[in-house]
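Work the whole structure out from these sequences, hints included.
Sequence lines, in order, name chains V, F, P and Y. Each step along the first sequence adds one to the number in numbering that gives the first Met the number 0, with nothing skipped, and position 138 is 137. Each step along the second sequence adds one to the number in numbering that gives the first Met the number 0, with nothing skipped, and position 151 is 150. Each step along the third sequence adds one to the number in numbering that gives the first Met the number 0, with nothing skipped, and position 182 is 181. Each step along the fourth sequence adds one to the number in numbering that gives the first Met the number 0, with nothing skipped, and position 37 is 36.
None of these hints come from the bench; they were simulated from the model. Glycine is no exception: its CB is placed at the ideal position from the N, C-alpha and C atoms. Treat each hint with caution, since some may be false.
[What the hints assert, rightly or not] Below, a sample of chain V positions facing chain Y; criterion: calculated Cβ distance under 7 Å:
1. Val3
2. Met25
3. Val27
4. Pro97
5. Gly99
6. Arg106
7. Thr119
8. Gly120
9. Val124
10. Ala126
11. Leu167
12. Asn171
13. Phe172
14. Pro174
15. Ala175
16. Ser213
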Amino acid sequence: MCKVCSLSRAVDQIPNGASLLIGGFMGVGSPHRLIDELVKQGKRDLTVIINDTARPDFGVGKLVDAKAIRRLVTSHIGLNPETQRQMLAGEMEVDLVPQGTLAERIRAGGTGLGGVLTRTGVGTVVAEGKSTVDVDGETFLLERPLVADFSLIRAWRADHLGNLQYELTARNFNPAMAMAGATVIAEAGEIVPVGMIAPDQVETVSVVVDTLVSRED
Amino acid sequence: MCKVCSLSRAVDQIPNGASLLIGGFMGVGSPHRLIDELVKQGKRDLTVIINDTARPDFGVGKLVDAKAIRRLVTSHIGLNPETQRQMLAGEMEVDLVPQGTLAERIRAGGTGLGGVLTRTGVGTVVAEGKSTVDVDGETFLLERPLVADFSLIRAWRADHLGNLQYELTARNFNPAMAMAGATVIAEAGEIVPVGMIAPDQVETVSVVVDTLVSRED
Amino acid sequence: MDTKNLIAQRVAQELKAGDLVNLGIGLPTLVANYVPAGTQIFFQSENGVIGMKPLDIPNTSSDSLTDAGGMPTSVIPGAAAFDSVASFGFIRGGHLAVTVLGGLQVDEAGQLANWMVPGKMVPGMGGAMDLVSGAKRVIVAMTHTAKGAPKILKACTLPLTSVRRVALIVTEMAVIEPTEDGLMLREVAPGVTVDDVLAATEARLIVGESTPTMAVAA
Amino acid sequence: MDTKNLIAQRVAQELKAGDLVNLGIGLPTLVANYVPAGTQIFFQSENGVIGMKPLDIPNTSSDSLTDAGGMPTSVIPGAAAFDSVASFGFIRGGHLAVTVLGGLQVDEAGQLANWMVPGKMVPGMGGAMDLVSGAKRVIVAMTHTAKGAPKILKACTLPLTSVRRVALIVTEMAVIEPTEDGLMLREVAPGVTVDDVLAATEARLIVGESTPTMAVAA
Numbered sequence: 000m001c002k003v004c005s006l007s008r009a010v011d012q013i014p015n016g017a018s019l020l021i022g023g024f025m026g027v028g029s030p031h032r033l034i035d036e037l038v039k040q041g042k043r044d045l046t047v048i049i050n051d052t053a054r055p056d057f058g059v060g061k062l063v064d065a066k067a068i069r070r071l072v073t074s075h076i077g078l079n080p081e082t083q084r085q086m087l088a089g090e091m092e093v094d095l096v097p098q099g100t101l102a103e104r105i106r107a108g109g110t111g112l113g114g115v116l117t118r119t120g121v122g123t124v125v126a127e128g129k130s131t132v133d134v135d136g137e138t139f140l141l142e143r144p145l146v147a148d149f150s151l152i153r154a155w156r157a158d159h160l161g162n163l164q165y166e167l168t169a170r171n172f173n174p175a176m177a178m179a180g181a182t183v184i185a186e187a188g189e190i191v192p193v194g195m196i197a198p199d200q201v202e203t204v205s206v207v208v209d210t211l212v213s214r215e216d
Numbered sequence: 000m001c002k003v004c005s006l007s008r009a010v011d012q013i014p015n016g017a018s019l020l021i022g023g024f025m026g027v028g029s030p031h032r033l034i035d036e037l038v039k040q041g042k043r044d045l046t047v048i049i050n051d052t053a054r055p056d057f058g059v060g061k062l063v064d065a066k067a068i069r070r071l072v073t074s075h076i077g078l079n080p081e082t083q084r085q086m087l088a089g090e091m092e093v094d095l096v097p098q099g100t101l102a103e104r105i106r107a108g109g110t111g112l113g114g115v116l117t118r119t120g121v122g123t124v125v126a127e128g129k130s131t132v133d134v135d136g137e138t139f140l141l142e143r144p145l146v147a148d149f150s151l152i153r154a155w156r157a158d159h160l161g162n163l164q165y166e167l168t169a170r171n172f173n174p175a176m177a178m179a180g181a182t183v184i185a186e187a188g189e190i191v192p193v194g195m196i197a198p199d200q201v202e203t204v205s206v207v208v209d210t211l212v213s214r215e216d
Numbered sequence: 000m001d002t003k004n005l006i007a008q009r010v011a012q013e014l015k016a017g018d019l020v021n022l023g024i025g026l027p028t029l030v031a032n033y034v035p036a037g038t039q040i041f042f043q044s045e046n047g048v049i050g051m052k053p054l055d056i057p058n059t060s061s062d063s064l065t066d067a068g069g070m071p072t073s074v075i076p077g078a079a080a081f082d083s084v085a086s087f088g089f090i091r092g093g094h095l096a097v098t099v100l101g102g103l104q105v106d107e108a109g110q111l112a113n114w115m116v117p118g119k120m121v122p123g124m125g126g127a128m129d130l131v132s133g134a135k136r137v138i139v140a141m142t143h144t145a146k147g148a149p150k151i152l153k154a155c156t157l158p159l160t161s162v163r164r165v166a167l168i169v170t171e172m173a174v175i176e177p178t179e180d181g182l183m184l185r186e187v188a189p190g191v192t193v194d195d196v197l198a199a200t201e202a203r204l205i206v207g208e209s210t211p212t213m214a215v216a217a
Numbered sequence: 000m001d002t003k004n005l006i007a008q009r010v011a012q013e014l015k016a017g018d019l020v021n022l023g024i025g026l027p028t029l030v031a032n033y034v035p036a037g038t039q040i041f042f043q044s045e046n047g048v049i050g051m052k053p054l055d056i057p058n059t060s061s062d063s064l065t066d067a068g069g070m071p072t073s074v075i076p077g078a079a080a081f082d083s084v085a086s087f088g089f090i091r092g093g094h095l096a097v098t099v100l101g102g103l104q105v106d107e108a109g110q111l112a113n114w115m116v117p118g119k120m121v122p123g124m125g126g127a128m129d130l131v132s133g134a135k136r137v138i139v140a141m142t143h144t145a146k147g148a149p150k151i152l153k154a155c156t157l158p159l160t161s162v163r164r165v166a167l168i169v170t171e172m173a174v175i176e177p178t179e180d181g182l183m184l185r186e187v188a189p190g191v192t193v194d195d196v197l198a199a200t201e202a203r204l205i206v207g208e209s210t211p212t213m214a215v216a217a
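Structure (structure tokens):
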């Protein structure tokens with residue numbers, strides 16, 4: 000039951016038009032090898048769910064540069080002028096979601112909840128077209144769960160079973176996304192023998208990881 | 000800004016009639032010192048939210064034995080005949096909640112969500128008197144957030160700021176409860192100097208912990 | 000082989016390598032004993048661990064590592080511990096391949112009742128409602144009758160655990176699969192006839208042209 | 000002292016020992032420089048850390064420890080790292096004592112607009128909507144006018160960040176507290192008169208009998 004495979008085979012699984020949850024915050028903690036391989040294999044028409052689009056030529060910005068993204072669900076594109084250009088030119092559909100709501104929608108998708116009830120966005124443009132739910136006299140916005148065909152995850156360390164451990168602010172959206180993809184592909188800075196990551200240190204449990212990208216050849 | 004105080008002073012804060020979130024699963028990971036002190040100080044009319052009532056004369060079972068609990072919110076009382084006796088005799092009000100719903104309601108209370116939308120309990124007695132919300136054609140039960148006046152937490156290790164670290168299955172409800180109490184009181188197996196718990200090892204952040212019980216005298 | 004071990008042995012055949020599986024307290028716990036050597040199953044305990052295995056070396060227990068009954072347990076290399084919120088995230092989120100639970104009653108719609116007998120036994124549902132609502136496959140492992148009375152009924156008389164249809168019922172007499180059309184009798188135990196099963200079952204069972212015998216060791 | 004540092008200095012007086020505080024990108028970041036020595040404030044960065052402090056020792060940065068702008072940062076002893084879900088759990092759950100954000104507009108109802116200019120600048124709201132909806136106190140730190148035009152208006156013309164009333168507005172001219180009754184002028188900057196403030200403000204300001212001067216170093 001070895002999950003470890005080469006970078007190219009890991010990305011071969013992903014068809015054009017697939018939806019992807021991609022970890023990272025301003026490129027920190029993004030799966031850079033997987034992103035580079037997506038660009039190399041010329042994937043297109045992707046739906047990408049990610050906190051932000053980093054910068055041109057960095058992180059998921061490379062997928063933006065390659066015009067590989069048809070639809071983007073994100074909280075912030077302010078530091079990537081190319082994302083803004085494609086959005087305003089109508090080349091890419093962009094759905095802007097408050098960051099905490101984005102995190103919680105992904106969590107809901109991965110943990111079987113029907114949605115998220117939040118004060119965030121009530122009465123603003125974010126609420127347009129959405130239902131609200133009153134709880135004890137207060138109004139909450141009903142935000143839908145988010146899942147995707149694939150989750151692309153960057154971990155600090157993995158073991159050969161697929162248990163993952165993250166580091167500092169490179170953690171960000173990775174743990175929640177690892178629960179919400181139908182197929183979960185992870186790259187790690189290091190792959191260690193099973194048992195080297197103690198039970199209390201495991202942050203993403205091996206059972207949800209389908210493919211682990213092998214070390215660079 | 001030292002939070003560390005004696006066991007008796009920590010529990011002195013808690014008035015009769017207070018609501019308490021108490022960590023632990025069959026007594027494992029329960030704050031046994033705090034529970035013993037609650038009994039010793041003769042607290043009464045408490046509302047207690049806890050996964051289960053352990054066994055007689057063990058863990059929160061001691062509060063049951065002392066008839067200190069007026070209202071109990073819990074998922075399982077099967078191994079404590081005294082809880083069942085008090086419930087059937089009408090001496091204690093018991094609200095039985097599915098375990099995953101209980102965990103998620105406490106999480107919602109601590110993280111500012113309006114409620115929990117879950118499939119669990121739909122169409123069963125658990126759904127009686129509760130609203131449902133339809134999301135994309137599927138029915139979910141709306142379960143309300145849970146908070147309390149105090150959270151009583153058991154950690155494996157703490158630092159003097161109040162950062163907490165847990166161990167194995169003694170973790171259980173403690174991390175979620177530490178976010179959901181107006182006042183959070185923690186006891187720990189060990190209190191270490193600040194900096195000894197690395198940022199990636201901290202599971203409950205010091206800013207939510209109000210009182211840390213000092214070592215045994 | 001006694002009744003419980005026969006059931007456990009048959010249930011174990013439903014588990015596949017790599018599956019994340021939750022075993023309920025009691026009879027279901029025995030299933031772990033019948034997993035073929037070399038097939039790695041990940042057992043979850045809902046109090047916060049994946050990779051649980053029975054404590055088989057004396058004097059190696061810890062107060063901080065217990066099963067869902069609060070008893071000392073052990074883990075395999077590569078196990079993971081987490082809190083109750085995460086634990087039920089796995090369960091509700093469909094990450095559990097199989098949950099095996101005991102049952103008091105199952106009805107023709109495949110609905111399970113297993114958490115209370117009003118006025119008599121009110122242990123609370125614990126994690127059962129989440130498990131039955133959330134696991135990919137729910138397998139009920141139970142004796143076919145209780146004190147001679149059928150437990151597989153036209154309609155449950157006890158409060159339901161979930162309105163969701165369970166995937167499979169395994170008893171010491173039969174393997175029954177609840178489907179949209181009703182309860183399909185899939186297998187009978189060695190030495191048990193289809194008529195024996197029908198006689199011990201209140202619910203209507205759909206019987207095929209031939210009914211295989213469970214492949215269990217006697 | 001320049002405009003930005005004057006504002007930052009005044010905002011810093013609002014922070015109390017032990018507070019968990021989030022500082023927005025840009026001007027609000029300067030607030031950290033004016034916390035009195037010996038007052039421990041815990042700064043959160045929404046990308047997943049509490050206990051952030053500026054990177055002040057050269058060549059000690061890590062690719063895995065950055066602020067919300069993706070720039071290398073550092074932490075105090077006793078800092079904690081966590082994922083985005085937990086990070087916004089602190090924010091939405093009311094665990095943040097104060098958030099300090101920049102503003103494009105604030106109106107008489109105390110409502111803030113700070114995340115987009117339709118058709119021109121659409122950076123996305125990032126964490127701003129959660130911060131303004133969830134923090135115990137929201138402090139807007141901004142210049143009083145933009146190119147001579149008032150930013151404190153009768154009603155915001157830009158899309159709102161939240162319908163919630165902010166707690167305080169601090170500019171280089173004044174400290175203004177939005178209340179149920181309207182915007183109360185609480186303080187003026189050194190060398191600024193009440194009339195100066197009124198002239199630079201479109202919204203109606205409620206002025207008390209006497210208006211103290213901000214206690215800031217020149």
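Going down the list of hints, with the structure as the test:
1. Val3: violated, 23 Å
2. Met25: holds, 3 Å
3. Val27: Status holds, d = 5 Å.
4. Pro97: holds, 4 Å
5. Gly99: Constraint on V/Gly99 satisfied, holds at 3 Å.
6. Arg106: Hint on V/Arg106: holds, closest Cβ of chain Y at ~5 Å, below 7 Å.
7. Thr119: Holds, about 5 Å.
8. Gly120: Interface hint status for V/Gly120: holds (6 Å vs cutoff 7 Å).
9. Val124: Cβ of V/Val124 sits 5 Å from chain Y, so the hint holds.
10. Ala126: violated, 9 Å
11. Leu167: Hint holds; V/Leu167 Cβ to chain Y Cβ min 4 Å, cut 7 Å.
12. Asn171: holds, 5 Å
13. Phe172: holds, 5 Å
14. Pro174: It holds, given that the least Cβ distance between V/Pro174 and chain Y is near 5 Å, below 7 Å.
15. Ala175: holds, 5 Å
16. Ser213: Check failed: Cβ of V/Ser213 comes no nearer than 21 Å to chain Y, outside 7 Å.
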